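*Asks:* Here is how the chains run, residue by residue.
2 protein chains.
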Amino acid sequence: MSILEPSELAHVPFVSVENMMRLVNDVGAEAFMRELADYIEADFKRWPEFDKIARVASHSREGVIELMPVADTAHYGFKYVNGHPKNTREGYQTVTAFGVFSSVATGYPLLFTEMTVLTALRTAATSALVGRYLAPKNATTMALIGNGAQCEFQALAFRALCGIETVRLYDVDPAATKKAEANLRAVGFDVTACRTSQAAVEGAQIITTCTADKQYATILTDNMVGAGIHINAIGGDCPGKTELQRDILLRSDIFVEFPPQTRIEGEIQQLDEDHPVTELWQVMRGEADGRKGDAQITLFDSVGFAIEDFSALRFVLEKTAGTDYCVQLDLLADPDDPRDLFGMLQRAGAEAA
Amino acid sequence: MSILEPSELAHVPFVSVENMMRLVNDVGAEAFMRELADYIEADFKRWPEFDKIARVASHSREGVIELMPVADTAHYGFKYVNGHPKNTREGYQTVTAFGVFSSVATGYPLLFTEMTVLTALRTAATSALVGRYLAPKNATTMALIGNGAQCEFQALAFRALCGIETVRLYDVDPAATKKAEANLRAVGFDVTACRTSQAAVEGAQIITTCTADKQYATILTDNMVGAGIHINAIGGDCPGKTELQRDILLRSDIFVEFPPQTRIEGEIQQLDEDHPVTELWQVMRGEADGRKGDAQITLFDSVGFAIEDFSALRFVLEKTAGTDYCVQLDLLADPDDPRDLFGMLQRAGAEAA
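Protein sequences appear in the order of chains A and B.
First residue of the first sequence: 1, per the working numbering; consecutive thereafter.
First residue of the second sequence: 1001, per the working numbering; consecutive thereafter.
By construction, these hints were calculated from the structure, which means they are not laboratory data.
Accuracy of the hints is not assured; some may be wrong.
Here's a subset of chain B near chain A, in silico, CB distances under 8 Å, partners left out [as the list claims (entries may be wrong)]: (1) 1091; (2) 1194; (3) 1225; (4) 1227; (5) 1339.
Given the structure is predicted, the values throughout are model-derived calculations rather than measurements.
Glycine is no exception: its CB is placed at the ideal position from the N, C-alpha and C atoms.
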């Protein structure tokens, strides 16, 4: 074998955006999120097994770049993700992401994958999974406030996991609402485009907020939230970035992913540090209560946690291993003698000459 | 343009191991490290401009996986790197790495590159750069204790930057020494293979230790270090992993990269938390003393810091931009309307059907 044809150990399977979209379309977006939610639920149920830290964020005036690592005893995963709300003005995505899933035993990557599409799916799958524990039974209608890139995925996931068939849309930008309306009609939703957020929440049992501005905003005011509502708050996920009026938080039972991260980034950054919250993994294990009654307001203060990405990476690895959804990338050096990296470099030069 | 032909915004330039080796060989390994050292020195001299943290490590019984992010106001870089000393027994590398260099303004990656080869070069370039400030003038001979993957790169860098022509090798494994001896003879070094570490340090003005065991080891004992020596300690770079007898540290003036990280990982984990150390960036800026006299023992307690990788990424980006050293990777989703990620997914499915 030529030096210039790297051996198998040097290769890492790579799933491109094109191949991720092909995989999702082959499985079907709703089926994909239903299966993915099972992976997420399984990992939440073994929460204590993970080595967890709050994500590592690098903030700038324009946005944030984050690394989200987590490991169990067998695997290590991390995601790179940015959040730049102004990006869309120049044709860039607000959020792009990619990730790596590795063997803890060797430290070698097993998978390198796009995660822009995958993050949209895992975020929605997590929301709907949580909705299954917290939303009122027999909910049929969801308000979607913020009609950007995440909006349709939320609708699809809540249909797949919670039976939501009717959505009521609102965005400060009517063009965004129009886009979401067309997309969601095309896949069979009963859609109402609303001219105010007040109108959007009328008759909804679930309110999803997924706006992107990096600031303290008041997407939802206290008077808009009636008894029995489940709030799925996606967009408040950065220090200084919230969506809900503080009074709503005081009337709600609040559920979170990883408290050390949510206290910094979530809606609850508006509250005292010791304000009681419930950890979702405990609800899923039956160790804490989810929804307790018809009048209760439940709030999922979602910020997105590394274990959800770990589950998504684990899922994609199993779906793509040995298939043509991935191509082999020459990412790792693999000298014949692992200590002879220099010799490999020298021989590559000699062969090229 | 077809949906299945991603646009330019979706692409990230990727430098494979093969292309990195081609680049290094085209430039020449010594010239490459000399140029790279200039980039590292330039970045060390603007140290306060960087947003710095100690690397984020995930430890297991077998090894460690680390993420090393750092940013200035224009760029963000991070490296993924593992350290698994037992890997070589199964034909894997102890250390493999890859990295990403991004725009702070958009969060978009500008470069994705292998860094196994690049890390070997940047580690050696950093050592030799530091050697230029700390090693005795007119040093000609270096002892190299530990003859693994890093060994030859150290020799080459010290020749390129400090004029070292003679090396004295020792490793607990004679096969490693034999490998390094052959490689270094072939590129013109005066090489002596030694049967003990005591023999290796005889007549050397610089002692480089680069062993890989993950434990407290005593590669160098106090009696082996005479007046005027510069010690370049590479291998002690993990909690619980050191190479030098504590007494040596007490006789040396100790120079470090980023104290919050070196206190945890370096040789100085053996010392009190307030033991005085000098930061190298201050030496390079002329704000702190380097070598002060002929009898002084100087110690570079190297653990490897993210800014060195940032410099290496910056260097490789400039060397490879617009060349065939990189290929375009379909890593980022790029819908026509950035808010219409779902529509992109739907249209990809329709096109494939």
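*Asks:* None of the hints should be skipped; say for each whether it holds.
*Replies:* Hints, one by one, checked against the model:
For residue 1091 of chain B, the shortest C-beta to C-beta distance to chain A is roughly 6 Å, which falls under 8 Å, so the interface hint holds. Restraint check, residue 1194 of chain B versus chain A: the minimum CB separation of about 18 Å is more than 8 Å; hint violated. At its closest, the beta carbon of residue 1225 of chain B sits 26 Å from a beta carbon of chain A; the interface hint therefore is violated under the 8 Å criterion. Proximity of residue 1227 of chain B to chain A is violated relative to the hint, the smallest CB-CB distance being about 32 Å (cut-off 8 Å).
About 5 Å separates the beta-carbon of residue 1339 of chain B from the nearest beta-carbon of chain A, less than 8 Å, and the hint is met.
In summary, the numbered hints that this structure violates are 2, 3, 4.
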